[in-house]
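Q: As a plain string of letters, each chain reads:
There are 2 protein chains.
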Amino acid sequence: MTVNKDSWVKTINLPAPSLQDNTADSDRLINFLKQHLHAHRIFIDYYSLQELPFKLRAWDYGLRCVVIKDPYFDQWYLAGISDPLKDRCFAGVAVDLGTSRVALRLVDLSSGKSLYETSFDNPQLKVGPDILTRVHACDQPGGLQELTQSIIREMNQQIRAACHVCGLENTDLYFMTLAGNTCMTHLFMGLAPKWIIREPYIPVTNTPDVERAAVYGLDINPAGRIFIFPNIGSYFGGDLIAGILHSKLNQGKDPAILVDVGTNAEVVLGNDSWLMACAGAAGPALEGGVTQIGMMAGPGVVDRVRIGPEPHTIHVRTIDDLPPVGICGSGMIDLAAQLFKVGMIDLRGRFVPDACGQKLHDQADMPFLEVVSAKESGTGRALNIYQADLDSLVRSKAAMYTILETITESVGLSLDELNTFYVAGTFGAYIDPKSAVTIGMLPDLPEGTYKSLGNSSLEGAAQVLTSCESLNRIEQIKTQITYLELNVNQQFMNRFSAAKFLPHTDLSRFPSILHDNSTISS
Amino acid sequence: MTVNKDSWVKTINLPAPSLQDNTADSDRLINFLKQHLHAHRIFIDYYSLQELPFKLRAWDYGLRCVVIKDPYFDQWYLAGISDPLKDRCFAGVAVDLGTSRVALRLVDLSSGKSLYETSFDNPQLKVGPDILTRVHACDQPGGLQELTQSIIREMNQQIRAACHVCGLENTDLYFMTLAGNTCMTHLFMGLAPKWIIREPYIPVTNTPDVERAAVYGLDINPAGRIFIFPNIGSYFGGDLIAGILHSKLNQGKDPAILVDVGTNAEVVLGNDSWLMACAGAAGPALEGGVTQIGMMAGPGVVDRVRIGPEPHTIHVRTIDDLPPVGICGSGMIDLAAQLFKVGMIDLRGRFVPDACGQKLHDQADMPFLEVVSAKESGTGRALNIYQADLDSLVRSKAAMYTILETITESVGLSLDELNTFYVAGTFGAYIDPKSAVTIGMLPDLPEGTYKSLGNSSLEGAAQVLTSCESLNRIEQIKTQITYLELNVNQQFMNRFSAAKFLPHTDLSRFPSILHDNSTISS
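Sequences listed follow chains A and B, in order. Heads up: the first sequence begins at 1 in our numbering, then just goes up one per residue. Heads up: the second sequence begins at 1 in our numbering, then just goes up one per residue.
Careful: at least some of the hints might be erroneous.
Where chains are identical, the list cannot tell them apart; a pair therefore holds if satisfied intra-copy or between any two copies.
Unchecked claim - Here are the simulated lysine to any residue pairs, SDA-like style, with alpha carbons at most 20 Å apart:
#1 Lys359 x Arg304
#2 Lys194 x Tyr47
#3 Lys194 x Asp21
#4 Lys34 x Pro71
#5 Lys359 x Gln387
#6 Lys451 x Tyr430
#7 Lys34 x Asp70
#8 Lys194 x Ser18
#9 Lys126 x Ile152
#10 Lys34 x Gln75
Hints were generated in silico from the structure; no laboratory data involved.
With these hints in hand, go ahead and build the complete structure from the sequences.
A: Following this line, the structure appears as structure tokens:
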């Protein structure tokens with residue numbers, strides 16, 4: 001066997017058959033692998049079985065093989081074999097299946113080296129931008145099939161293109177891992193998501209089997225397997241489990257927290273002996289498409305805002321330095337933080353006319369502020385931020401803070417006891433924690449406490465491609481986790497109301513903001 | 001659960017989900033079945049998974065389902081579900097995959113009732129009548145694929161036709177069981193048989209997995225499974241294991257013997273604590289196509305012969321009472337026994353000219369006997385039996401007797417200690433044991449000791465369709481069996497030489513023949 005015990009790729013040498021030892025080829029291989037992997041059962045895929053007798057003899061009973069463990073049972077699948085004397089690439093593909101974007105990465109299963117990475121729009125966006133629209137589309141005849149086929153088709157095309165770039169065939173892919181939320185996973189598998197969104201919120205499956213990828217119509221090696229991250233329930237998907245895996249949240253002694261903001265804010269708190277998770281609607285104002293000028297991070301999108309002293313000139317930075325076309329969630333947070341710092345909005349998030357000056361306008365009794373003029377904008381139209389957008393942002397940040405406060409207190413901790421605060425996803429990659437603290441969305445912890453995890457779902461999926469052990473970690477995460485139902489009771493509402501101020505009613509919680517910002521008055 | 005614990009069909013009622021118990025549909029079903037089947041793992045086929053959420057709700061969490069156990073591991077496969085309030089037929093199909101003939105039977109999995117039975121020529125006959133020709137055909141490019149496709153295609157057509165007769169769809173079939181010799185099984189599965197026939201005689205697999213039938217291109221329910229009987233080696237196939245299962249050889253206290261005669265004579269001896277098996281070339285003279293007038297049992301084929309007192313008129317009985325066209329193995333044995341009884345052949349199997357009279361002719365120094373005249377024959381030509389045919393028959397019967405003697409003595413028994421002697425296959429169905437004893441092919445045991453098993457391979461396959469327990473029996477058979485290599489040493493040759501007389505050199509072994517036949521002289 002190879003030295004790297006954690007790799008799915010093993011090199012083995014079988015004893016050759018004889019009249020005294022005339023076990024069949026596959027049973028010979030099975031018996032050997034059983035012993036060496038300490039496994040109860042080895043399943044040799046039919047497709048591998050067909051070539052096995054020829055290859056065993058051609059390679060003198062030596063083999064490099066990909067064996068993939070079933071995490072739910074003591075069973076391994078033989079997915080591929082190759083000549084042990086040739087350095088053929090066994091590749092795998094990790095996928096983060098997002099509602100809006102899908103990211104995929106090709107990985108060399110032996111070396112663990114990343115070969116190529118790409119991302120693309122989820123083609124289901126054409127049917128509906130959000131989960132609910134897509135779930136409802138499944139009520140139409142053929143609706144589910146259409147959604148499933150569109151993502152599988154696009155995935156196959158992207159995989160083929162990725163393989164082409166790396167000089168690989170799609171049949172060189174023997175293992176695929178996929179992390180997504182519960183609904184996206186169901187739509188991918190062709191399983192009805194109907195009851196996920198209806199009380200009592202029941203998925204078709206919590207733990208998809210390690211199936212042949214071909215079962216789902218995926219064009220990788222016919223014996224290649226797919227591991228779809230398990231979900232813990234309707235609102236706690238495989239993407240978050242992949243994120244926990246990547247963050248190693250459950251491997252440290254000190255409690256740490258992980259936040260992933262999308263349509264929902266998903267929060268996990270814990271250490272190596274316990275994990276507490278919850279999710280709540282905290283993100284709408286931070287997602288593209290909600291505010292008039294809001295959009296997902298992309299070229300020309302404002303991701304940083306700085307406002308100078310009077311006359312409060314607004315400086316924006318855009319992705320790729322292109323003329324501004326919109327603003328993403330992290331840009332919104334930056335903007336709100338800056339507006340608040342210079343006093344252009346007050347502690348309730350309302351425009352302060354004196355400070356805003358000529359930039360403040362009014363449209364049908366709705367005040368708005370011109371952030372970028374029509375002349376400077378990339379769209380030819382001014383980019384305006386409305387009072388309603390700010391109100392929505394304040395509600396979102398209040399919800400987020402309340403969720404963080406609630407989950408932390410549920411385990412008897414306070415927020416300032418957290419030494420590590422992971423922020424995942426695109427949001428985590430672009431956000432300036434200082435700004436999020438300024439508006440009281442995130443607690444006032446020392447800089448350096450906040451760590452951006454990048455695409456933790458993709459990273460977690462990629463980790464499974466190169467580490468047998470990671471499957472055990474996932475099982476561990478599943479058993480450790482307790483899901484905290486956010487009861488919207490009086491206490492929650494009280495906390496929420498208190499958090500609806502910038503940064504908070506209780507200013508003592510935000511000493512660094514109090515110190516920075518002379519304009520704050522209680 | 002249903003009362004019939006041995007059936008693969010179970011009726012269950014799941015607890016309905018609630019906010020307090022929001023496990024996913026499939027995991028709910030899995031957990032329930034695990035507990036009730038005492039199983040480690042339940043595998044819900046992807047195809048069942050797709051319909052599961054709709055059906056569970058439509059049927060108020062009640063289900064009739066087909067669950068099939070993996071005999072090699074503590075795992076069950078859910079192959080099909082139906083409304084517990086409707087009496088829909090879950091059907092299965094059992095197949096005896098013979099080198100020449102294939103027999104199949106449709107069975108109701110719940111009631112165990114046989115629905116339909118048919119048999120057809122193995123379409124691989126077109127490539128070659130015997131195993132060796134077919135194995136060699138696989139050395140040509142595409143040869144294996146052609147053989148595999150021909151049997152799968154024919155099987156699908158026959159299954160569809162059989163379903164049509166029973167008013168079923170092919171998707172009503174959820175379980176298929178198949179028993180065949182090791183080569184036929186490999187050709188069916190598309191696995192190279194090349195090394196089965198070459199020292200050290202290695203099959204690709206001894207234990208085919210309980211796969212989805214669709215993997216082999218079989219047109220039954222897409223979630224339907226196929227159980228292919230395991231083999232113990234190149235010369236001990238699944239058909240014989242199915243025969244042992246049907247005979248219940250391994251369930252009695254008294255040792256019994258099972259003989260299956262085809263190209264090889266396959267012999268199993270044993271009881272509930274041990275089984276001894278061996279195989280040897282004993283059948284050539286008994287198979288169709290070997291003697292000039294020999295053929296497989298079928299319409300117009302001679303299966304019984306009686307010879308009157310002088311002038312020794314030969315009376316033949318044919319299948320379906322048609323004009324005679326040939327003679328099958330059991331007919332040959334009957335003919336030889338009758339010729340011997342009336343003194344037309346001597347104890348070495350040679351024609352006795354005086355007794356044969358005008359029926360004896362000569363052709364290029366090869367004596368032959370006219371059994372049926374051209375006028376009475378169904379072919380317009382006389383049916384003749386040559387001295388060479390008789391010589392060949394004598395060698396075959398001697399080999400058979402020697403094998404029986406050898407295997408029995410190997411366990412310290414003598415042939416007359418056997419109370420039950422099963423004769424399987426077409427041979428078993430047509431043979432007159434008395435005639436086989438007369439020529440010394442089978443030992444001289446009391447009438448009633450010999451029992452025809454019919455198509456024991458098909459019966460064994462059908463048994464698995466309706467009995468969970470039978471899979472355990474098969475595993476038991478596999479572990480109990482010891483394979484006796486027939487060493488063709490001096491002792492074997494001595495025994496063989498002694499058995500080349502009719503009935504045997506040692507006449508004391510055949511007291512009933514000695515008593516019957518006044519013409520015998522030592």
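Q: Against each hint, give a clear statement of whether it holds in the structure.
A: For each hint, the structure was consulted:
In the homo-oligomer, the alpha carbons of Lys359 and Arg304 lie at most 20 Å apart inside one protomer (19 Å), although the nearest pairing across protomers, at 113 Å, exceeds that limit. With identical chains, the CA atoms of Lys194 and Tyr47 are at most 20 Å apart between copies only, with a shortest distance of 17 Å across copies and 35 Å within one. Proximity of Lys194 to Asp21 under the C-alpha cut-off of 20 Å is restricted to the inter-copy arrangement: shortest distance 18 Å between copies versus 55 Å within a copy. Taking the closest pair of Cα atoms, Lys34 and Pro71 come within 20 Å of each other both inside a single copy (16 Å) and across two copies (17 Å).
Taking the closest pair of Cα atoms, Lys359 and Gln387 come within 20 Å of each other only inside a single copy of the chain (13 Å); across copies the shortest separation is 119 Å, beyond that limit. For the homomeric pair Lys451 and Tyr430, the shortest alpha-carbon distance inside one copy (11 Å) is at most 20 Å, but the shortest distance between copies (83 Å) is not. For the identical chains of this complex, Lys34 and Asp70 are neighbours both inside a copy (14 Å) and across copies (17 Å), given an alpha-carbon limit of 20 Å. In the homo-oligomer, the alpha carbons of Lys194 and Ser18 lie at most 20 Å apart only across protomers (16 Å), although the nearest pairing inside one protomer, at 57 Å, exceeds that limit.
Taking CA atoms no more than 20 Å apart as the test, Lys126 paired with Ile152 passes inside one copy only; the shortest distance there is 15 Å, against 42 Å between copies. In this homomeric assembly, Lys34 and Gln75 come within 20 Å of each other (Cα to Cα) both inside a single copy, at 9 Å, and across copies, at 17 Å.
No hint from the list above goes unmet by this structure.
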